[in-house]
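*Asks:* Sequence:
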Amino acid sequence: MKKIAMIFAGQGSQAVGMGKDFYENSEIAREMFEKAGERIGVDFKELIFEENDKLGQTAYTQPAILLVQMIAYRLFKQACPDIKAELFLGHSLGEFSALCAAGAIDYVDAVELVHKRGAFMQEACEGKNAGMMAIVGLDDASVEKICSDAQNEGKQVWPANYNQDGQLVVAGNKEDLASLEQTFKDAGAKRALLLNMSVASHCDILTPAQEPLAEIMQTQIKDTFEAPVISNVTTKPYSTKAEAVDLLKEQLVKPVKYKQSIQAIAPEVDLAIEFGNGVVLKGLNRRIVKELKTLNISDMASLQKVKEEVCS
-14 MKKIAMIFAG
-4 QGSQAVGMGK
6 DFYENSEIAR
16 EMFEKAGERI
26 GVDFKELIFE
36 ENDKLGQTAY
46 TQPAILLVQM
56 IAYRLFKQAC
66 PDIKAELFLG
76 HSLGEFSALC
86 AAGAIDYVDA
96 VELVHKRGAF
106 MQEACEGKNA
116 GMMAIVGLDD
126 ASVEKICSDA
136 QNEGKQVWPA
146 NYNQDGQLVV
156 AGNKEDLASL
166 EQTFKDAGAK
176 RALLLNMSVA
186 SHCDILTPAQ
196 EPLAEIMQTQ
206 IKDTFEAPVI
216 SNVTTKPYST
226 KAEAVDLLKE
236 QLVKPVKYKQ
246 SIQAIAPEVD
256 LAIEFGNGVV
266 LKGLNRRIVK
276 ELKTLNISDM
286 ASLQKVKEEV
296 CS
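In the numbering used here, the protein residues as written are -14 to 297.
Rather than coming from a laboratory, the hints here were simulated on the basis of the structure. Bear in mind the structure is a predicted one, so any value in this text is a computation, not a measurement. Using N, Cα and C, we set each Cβ at its ideal position, and we do this for glycine too. Hints may contain errors.
[Unchecked claim] Just the calculated beta-carbon pair ranges, DEER-fashion:
id, residue 1, residue 2, range
1, 111, 199, 16 to 24 angstroms
2, 151, -14, 17 to 25 angstroms
3, 37, 276, 24 to 32 angstroms
4, 180, 37, 26 to 34 angstroms
5, 20, 200, 32 to 40 angstroms
6, 138, 35, 40 to 48 angstroms
7, 20, 180, 31 to 39 angstroms
Take the sequences, apply the hints, and build the full model.
*Replies:* Right under this line is the structure:
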């Protein structure tokens, strides 16, 4: 039997209408929408299926993404009950979905947890002029040196997401980021693009969010893992509540090592399946380790396709 990594994208993978096909064709999906909405007082149908300002707000983006991912995963497990994961992996927010898929937290608790995580992140960034910038076409060492030199000058700039070779996202103060645009380009970057974000993920600006998040995680995460989860911080597997709490607390202020995680797990698995809206990770995986085949489940048609390929 193939060894499979179950993987989950993070913030930025959301889109209006995601999960609608699941909702319209699955009683399980409708029930999950309802229960999740009751927990945090949100009409997820309105939030996800209709044009609105909330879906772009971190406190609402995160539970919306996680909910759709967990529906996709639940429907896959129903269709293919005998398929077991070798490991679980997520990108940033996606690590919470990975934890949920591993059985270490109930999906309704996870929806509440990431809703609060998003709120804590927004609060920590209030008044800080926080933002993020994508650097394209420059090697990691060059980006790291520019950030380090800028920090020595008192600027708030940190490497935040290692997505693939030549694509690294940095986080910090927007003015400081903007001031380095030409520096990145002079070093060889093809693009240095400020992203449309009001939070600075995975950097020291989020330090105030760490303890409140850890307190909630202590009450909701369980010591029951069906398979290990790969840490964004260390690229190593973990499978205990204590590790989960420590590493996910640390993840708020440390960079997401997604590229390094995929490179680490590629020799251990035969296939990856991405759950939830879009094919963000499928695209990254193809460019990180082209030999690692990645399938995706984002609607009923793609679920059927994966079922035929993996479960028969």
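*Asks:* For the pair residue 151 and residue -14, does the Cβ-Cβ distance stay inside 17 to 25 angstroms?
*Replies:* Between residue 151 and residue -14, where Cβ atoms are some 35 angstroms apart, the hint is violated.
*Asks:* Against the range 16 to 24 angstroms, how does the distance between the Cβ atoms of residue 111 and residue 199 compare: consistent or not?
*Replies:* Once the Cβ atoms are compared, 20 angstroms apart, the range 16 to 24 angstroms for residue 199 and residue 111 holds.
*Asks:* Could one say that the CB atoms of residue 37 and residue 276 fall in the range 24 to 32 angstroms?
*Replies:* Check failed, 41 angstroms falls outside 24 to 32 angstroms.
*Asks:* Regarding residue 180 and residue 37, is the given constraint of 26 to 34 angstroms on their beta-carbon distance met?
*Replies:* Between residue 180 and residue 37, where Cβ atoms are some 20 angstroms apart, the hint is violated.
*Asks:* Within 31 to 39 angstroms: is that where the Cβ-Cβ distance between residue 20 and residue 180 falls?
*Replies:* Since residue 20 and residue 180 have Cβ atoms about 32 angstroms apart, the given range 31 to 39 angstroms holds.
*Asks:* Taking the CB of residue 138 and the CB of residue 35, does the distance hold inside 40 to 48 angstroms?
*Replies:* holds (45 angstroms)
*Asks:* That 32 to 40 angstroms hint for residue 20 and residue 200 (C-beta), does it hold up?
*Replies:* Taking Cβ atoms as reference, residue 20 and residue 200 lie about 23 angstroms apart, which means the hint is violated.
Violated hints, listed in ascending order, are 2, 3, 4 and 5; each of the other numbered hints is respected by the structure.
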